[in-house]
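First to last, the sequence lines map onto chains A and B.
Residues 1 to 228 in the numbering used here are what the first sequence spells out, letter by letter.
Residues 1001 to 1776 in the numbering used here are what the second sequence spells out, letter by letter.
Hints in this document: simulated from the structure, not taken from any laboratory.
Keep in mind that this is a model prediction, so the values were computed, not measured.
The C-beta atom is built at its ideal place from N, Cα and C for all residues, glycine as well.
Heads up, some of the hints might be wrong.
As the list claims (entries may be wrong) - Cβ-Cβ distance ranges computed for the label pairs, FRET-style: (1) A:M197 - B:S1534: 32 to 42 Å; (2) B:D1538 - A:G66: 30 to 40 Å; (3) B:G1290 - A:D168: 24 to 34 Å; (4) B:T1424 - A:V146: 49 to 59 Å; (5) B:I1327 - A:P74: 25 to 35 Å.
As the list claims (entries may be wrong) - Chain B is faced by these chain A residues, among others (derived, beta-carbon under 10 Å): (6) I27; (7) E102; (8) N113; (9) R129; (10) P141; (11) G142; (12) L144; (13) V146; (14) T148; (15) A182; (16) A191; (17) T192.
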Amino acid sequence: MNREAPRERRAGFLARLSAGETVVLAIITMIALAGALLVGKGLYMKAKAELSQVLLQRSFAAELSGETGAKPWPWADFTTEAEITAPRLGETAVVLAGASGEALAFGPAHLSNTPQPGDSGTAVIAAHRDTHFRWLKDVKPGDLLVVTRKDGRRLAFRAGEGRVARWDESGIDADAAGHNLALATCWPFDATTRGPMRYIVTAELIDAEGRSTAETHDIRLLAEKNGS
Amino acid sequence: MSLDEQLARTQPSRGTMTLGLVLVFAALSLSFLMLAGLFARAFAETSPPRETAPGLVRPNDMGTGALLFPSPQPGYFVEAPRLATDVEIDVTGPIMRTRVTQRFQNPSKGWVEGTYVFPLPEDSAVDVMKMQIGERFIEGQIKPREEARQIYEDAKAEGKKTALLEQQRPNIFTNQVANIGPGETIVVQIEYQSSVHQSGGEFSFRFPMVVAPRYNPQPIVQTVDLGSTGYAVGDPVPDRDKIEAPVLDPKKNARINPVKLSVKLDAGFPIGTLASPFHDIDVKEDGNAGRLITLKADSVPADRDFELNWKAVAGKTPQAGLFRETIDGKTYLLGFVTPPTEAGANEEKPHREVIFVIDNSGSMSGTSIEQAKESLALAISRLGPDDKFNVIRFDDTMTVYFPSPVSATPDKREQAIAYVRGLTADGGTEMLPALQAALSAQGPVAKDALRQVVFLTDGAIGNEAQLFEEISGNRGDARVFTVGIGSAPNSHFMTKAAEIGRGTFTLIGSEDQIAARMGELFAKLENPAMTNISADFDEKSVRDISPNPMPDLYRGEPVVLTAVLDGTSPKGMVRISGDAGRQPWQIAMDVAKASEGKGIAKLWARRQIDDIEASAYTAGNPADVDKKIEEVAIAHHLVSRVTSLVAVDVTPSRPNGEPLGSAKVPLNLPAGWDFDKVLGEEGSGGNAKHAAAAPSPEAEMVADMMAAAPTARAASMIAQAAKPVALPQTATLADRHILIGLLLMAIAAMASIAFGIWRWQMQGLATANAGSRYEP
């Protein structure tokens, strides 16, 4: 009897609601559920981006030790390409090859139509503004950016000014003179919708002594172009 | 005690009731305001104003020949004022040679590097480039690509006039012109060879003439409003008049862009009808089969390309033709045959067995998979009840939907479409097993049926050679049709796969192309006019017959083949045979009776280059392929992937005693040069000087928008910023999802509170009413 009472009361509460009120309650429940689902989906995307980096680190380590074409997980549709570090900000991310929408969900991606970082020209690495390149807005002119390529070479780049451009008018020339790196992410940083604007930080390769390799580039410009 | 009883006992006063109502109202309106704000912000962000000045263009936008100068805005160019255009087209039988001469002007006061763009037909062979820059004449020489670029860069750095014509893709050429001085005029002349389009007995060609609208500069007129106080208030947008520069309608302003066009048509058969659908033309008869066509004097390039169509006199439509050209002791042949349209027409359509293969790997995620699904659903719904079909999907795993091909009954089709619509893109790309399943594991082809494999993918794969081998080894009688999905599919792989598979490649770049492009594909899939076509020569020295293998023909299309034979007077017959439906069909032509035609060797060379490219996967060593292409291209003076035209200064030296800079343009034209058509347009060279001295308002406007450099050296630096890299989408919707989710939950919470309060009040009212009823 005692146990029966709460159930009766509950049933009684629902039963006492008119049809209209039931509909209103149902709608409220559905809105709450939809909200919870959306929050879950958003958090899942963030978690995926963060957690996958652990697996990517492992795969990149294998790549560094000479294994070729190692896939982070068997059903992955991309390979790891490099590692980018911003020492001042203490941020590190494994860079993937080919900027398909899927690869970008897991890490920064190197655009395959641009040269490798450190090679002649401008290499472009893009990543999401709300995950892997959240720190890009904090990169100041003069900051060091260290790229470890999968062939084991560690290259240091010095960041320049950041700028904003449309995605199809980036002003980045893949065959530009010098050895440049461009990091790109979406702009504005705190927007919640997709837009056509991108924030671009360009950096140029510096040698072991910390001098810009571009200081000598005016003289070498011709020789290099001819050589390449 | 139940909650309701408790509620019923609490008698709300009037005050609390009003307060509750106000609270509910406030909560609801607040949440709506928040939602509205969110959407307004989203809207504002998705469509920011484009900060592009009017008149800036991109190379891909050009519908006709244009000289582009870099603008300060990266990736954008300014179109140089086009002073005159002269077009001469020579049609001999199925071959046409086009010569385009255009004159431009550098309106700025600085040195610039310009890029000349010209849209070309897919199969054209470019072999001549001549230019006049200022007072220098230069002519393009064919060189290996690297060497040509080096010559160009060297000359550019030395401040010399130079030009470089490179092939970027088979139908995209760029011509860079360095060191154009202030106010100088540039004359560009290019010549190319192409073949006349034939379809259903009608011959036609198209010449690109779409002129982008020009912006007409207006003086800035600032209007002020003298108020009652006597002080003027300025317009808040001082450049308003400049921003809203009116567009100059090219139709009404022929003088700005004069075009002369003449066509010498030698059809090779009596001409019945001749028409230009978009332009008024004057036609002069030149014998029975010849015509001279010119644009009517007041006809100007509007927004349409020039098109010319001609047909033979009724009953004289050629079914076949054979032309030859003898160069260096070799005979180059060009033959075309239109299969009889009656053949196979009265027969019923052959039954088809269509195997659809769809790629749902991770690289297809996003819009690509949606387009692929949409296209595939459309394809399945078009099947007839007599056809059989099957669906295979693959990522790093694979599913064959039906165990073997099934008849396309309505419910099987529905079933398959539902399956396709449910696919999601994830996982790696393992194409080989799927290809094997499609080509060799679908059982034998039914008698008289056509096996067609339709492959929908973005082609993001690494083992191309292996896949090509699989197709060429196991295709049997099947035809492989590839459908490229997404904005940047691997068209190289898919074009080759279709060629080896004797099918076609269809490119679907965006959602709105699906219906039209798939429609074209269906027409081909459903109406093959002739299959198993081959060509046999009596002459044993015949080589390099192209296309090889011969593709299937569709209604109204001709076979156009090229070949080369040793010796200057080959004999014997050429026999072209095929199957029209179930009926064998053959035609024989006497090689010795072929008529003479110009430019056949170049067309042969162009096709030869395509064939060498197509066989690249079997050659193994890419350097060998490049070497072969280079040999053919240099021998025939053609621009190709590995050869470029680089301009070499051929100007006659400046006469002694003539002060630099005061010479009139042109001095002496080198022998064999024919620029007078465009130079004569507005009073020869003196005009160029005049233009430099007192530039037209339009030229001034262009000059304002150009990134001109003070020296030739700086010009090359500016030109660096020419080809921008497109950046991918780098915003996830995660934050948005979380935000909207939280908002929805907040709304739900507020709504339930409101609901609770409302119920509580209703309860209170009911009790109050009940009380008042019973009390007295």
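Now for the hints, and whether the structure bears them out:
{"no.": "1", "hint": "A:M197 - B:S1534: 32 to 42 Å", "in the structure": "violated (57 Å)"}
{"no.": "2", "hint": "B:D1538 - A:G66: 30 to 40 Å", "in the structure": "violated (60 Å)"}
{"no.": "3", "hint": "B:G1290 - A:D168: 24 to 34 Å", "in the structure": "violated (48 Å)"}
{"no.": "4", "hint": "B:T1424 - A:V146: 49 to 59 Å", "in the structure": "violated (37 Å)"}
{"no.": "5", "hint": "B:I1327 - A:P74: 25 to 35 Å", "in the structure": "violated (58 Å)"}
{"no.": "6", "hint": "I27", "in the structure": "holds (8 Å)"}
{"no.": "7", "hint": "E102", "in the structure": "holds (4 Å)"}
{"no.": "8", "hint": "N113", "in the structure": "holds (7 Å)"}
{"no.": "9", "hint": "R129", "in the structure": "holds (6 Å)"}
{"no.": "10", "hint": "P141", "in the structure": "violated (20 Å)"}
{"no.": "11", "hint": "G142", "in the structure": "violated (23 Å)"}
{"no.": "12", "hint": "L144", "in the structure": "violated (23 Å)"}
{"no.": "13", "hint": "V146", "in the structure": "violated (21 Å)"}
{"no.": "14", "hint": "T148", "in the structure": "violated (22 Å)"}
{"no.": "15", "hint": "A182", "in the structure": "holds (8 Å)"}
{"no.": "16", "hint": "A191", "in the structure": "holds (5 Å)"}
{"no.": "17", "hint": "T192", "in the structure": "holds (4 Å)"}
The structure fails to meet hints 1, 2, 3, 4, 5, 10, 11, 12, 13, 14 from the earlier list, while all remaining hints are met.
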